[in-house]
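*Asks:* Here are the chains, one letter per residue:
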Amino acid sequence: SQQGEEDPQALSIQEGENATMNCSYKTSINNLQWYRQNSGRGLVHLILIRSNEREKHSGRLRVTLDTSKKSSSLLITASRAADTASYFCATEPSGNTPLVFGKGTRLSVIA
Amino acid sequence: DTAVSQTPKYLVTQMGNDKSIKCEQNLGHDTMYWYKQDSKKFLKIMFSYNNKELIINETVPNRFSPKSPDKAHLNLHINSLELGDSAVYFCASRHGQGTVEQFFGPGTRLTVL
Numbered sequence: 026s027q028q029g030e031e032d033p034q035a036l037s038i039q040e041g042e043n044a045t046m047n048c049s050y051k052t053s054i055n056n057l058q059w060y061r062q063n064s065g066r067g068l069v070h071l072i073l074i075r076s077n078e079r080e081k082h083s084g085r086l087r088v089t090l091d092t093s094k095k096s097s098s099l100l101i102t103a104s105r106a107a108d109t110a111s112y113f114c115a116t117e118p119s120g121n122t123p124l125v126f127g128k129g130t131r132l133s134v135i136a
Numbered sequence: 157d158t159a160v161s162q163t164p165k166y167l168v169t170q171m172g173n174d175k176s177i178k179c180e181q182n183l184g185h186d187t188m189y190w191y192k193q194d195s196k197k198f199l200k201i202m203f204s205y206n207n208k209e210l211i212i213n214e215t216v217p218n219r220f221s222p223k224s225p226d227k228a229h230l231n232l233h234i235n236s237l238e239l240g241d242s243a244v245y246f247c248a249s250r251h252g253q254g255t256v257e258q259f260f261g262p263g264t265r266l267t268v269l
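If you're matching them up, the sequences are chains A and B in order. Residue 26 is where the first sequence starts when you use the working numbering, and the numbers rise one by one after that. Residue 157 is where the second sequence starts when you use the working numbering, and the numbers rise one by one after that.
So that you can see chain B by itself, here it is in the shape it has in the complex (with noise of 0.2 Å):
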């Protein structure tokens, strides 16, 4: 069974339209994360979520707007896409209490045209 999902595993767009990417984990993790890993295969955290709470967010556009409906789901919704926003976007989780080990969904491709 996949610990931790993203779908779609691609998303080719034209700028200025709205996406979302979604991300769900089913190991009863506590927090979440999305990441963005540019060309250069720099990873930078974007946003972190604990049950269901936004703890973190990084300097990231409010064009990008996460959401969590439930502590096993968090969603990344991005308005306005910009040819900056072309990326790999990794979802992660963590247990949240005494371990600090993440795990990383596949990761979503996004190429903004």
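Looking at chain A on its own, in the form it has when it is part of the complex (with noise of 0.2 Å):
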């Protein structure tokens, strides 16, 4: 299976703290997505790494990415209540291959 798996399944901070997740995939990949999902709705894109880039950022969003470990983590700073939502992970194996989901991180945000 090409399925990547995040890392924690659940993670529950504090308002204010930080929240890292991180996700393993199988194979070699185009670029690696992270989407949010709010209980009941679908899935949000939060921000892209392509296969040659390491770190990017986007708001209070950071995400890192090492190939050779097959691994990617998405950091949110200053959590708020606001981001208590799933993340998942997903990979684009190549182009115009569907996107492979990982199973989601549950993360809780307590005000």
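Because the hints were derived from the structure by calculation, they are not lab data. Take the hints with a grain of salt, since some may be wrong.
[What the hints assert, rightly or not] Label-pair ranges, simulated between beta-carbon atoms: (1) T267(B) x S83(A): 33 to 41 Å; (2) K223(B) x I135(A): 19 to 27 Å; (3) N173(B) x S93(A): 32 to 40 Å; (4) N207(B) x T45(A): 34 to 42 Å; (5) G172(B) x S49(A): 39 to 47 Å.
[Claimed, not checked] Partner residues aside, some chain A positions facing chain B, computed with beta carbon under 8 Å: (6) I38; (7) N56; (8) G67; (9) K95; (10) L124; (11) K128; (12) G129.
[Stated by the list, open to error] Subject to a maximum C-alpha distance of 20 Å in a straight line, what follows is the list of computed EDC-like cross-link-like pairs (lysine to aspartate or glutamate): (13) K196(B) x E30(A); (14) K128(A) x D241(B); (15) K200(B) x E117(A); (16) K81(A) x E257(B); (17) K128(A) x E214(B); (18) K128(A) x D194(B); (19) K51(A) x E214(B); (20) K192(B) x E30(A); (21) K200(B) x D32(A); (22) K197(B) x D108(A); (23) K197(B) x E30(A); (24) K197(B) x D32(A).
Every residue gets a Cβ at the ideal spot worked out from N, C-alpha and C, and that includes glycine.
Both chains come to you apart, so use the hints to assemble them.
*Replies:* Written out as structure tokens, the structure is:
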């Protein structure tokens, strides 16, 4: 199976703390994307990192990619209650092949 | 304006029935997808269409038949529904050239009794 694995499966933190989620995958990729899913909603794209990039920032989000270890991390700084959601990594093995999603990390930010 | 919309949002039906889920995107995207999300939140691709043509058909039972009347619509028809079909079904779209971000619909929660 090509599916990714997120770690941890669930994470509970206090508002203001940083949240780190990890993703491992199995095959070589073109890019890796992170999506957020609020309860009862569809997925929303957060950030993309290409295979030749090592780190990317977007607002309070920081993504790293280590292709030698086939892993990525998503850091959310200064978390807010509104960040409570499930976070999925998705890999694109090659152009025009479908995204392969991980199982997600459920993040709870407690006010 | 909603970018990717699905109807219905909830669908409760008996085993053996036939049902359809509709999806429309107003983003002008070339590629559309159907995903199934199971009770453990695992999201799996079912179908991919590019410009109304089927590109990907993962190992989905042939009771599931996608139909794309035009580039903006991708509907999913399911025959002879089974208990195991209960899940949340998501439609998504993507521009197709150069951009890789996918836009998801709000999902349709299908419950088969």
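*Asks:* Would you pick out the hints that fail for this structure and give their numbers low to high?
*Replies:* Per hint list: 2, 3, 6, 9 violated.
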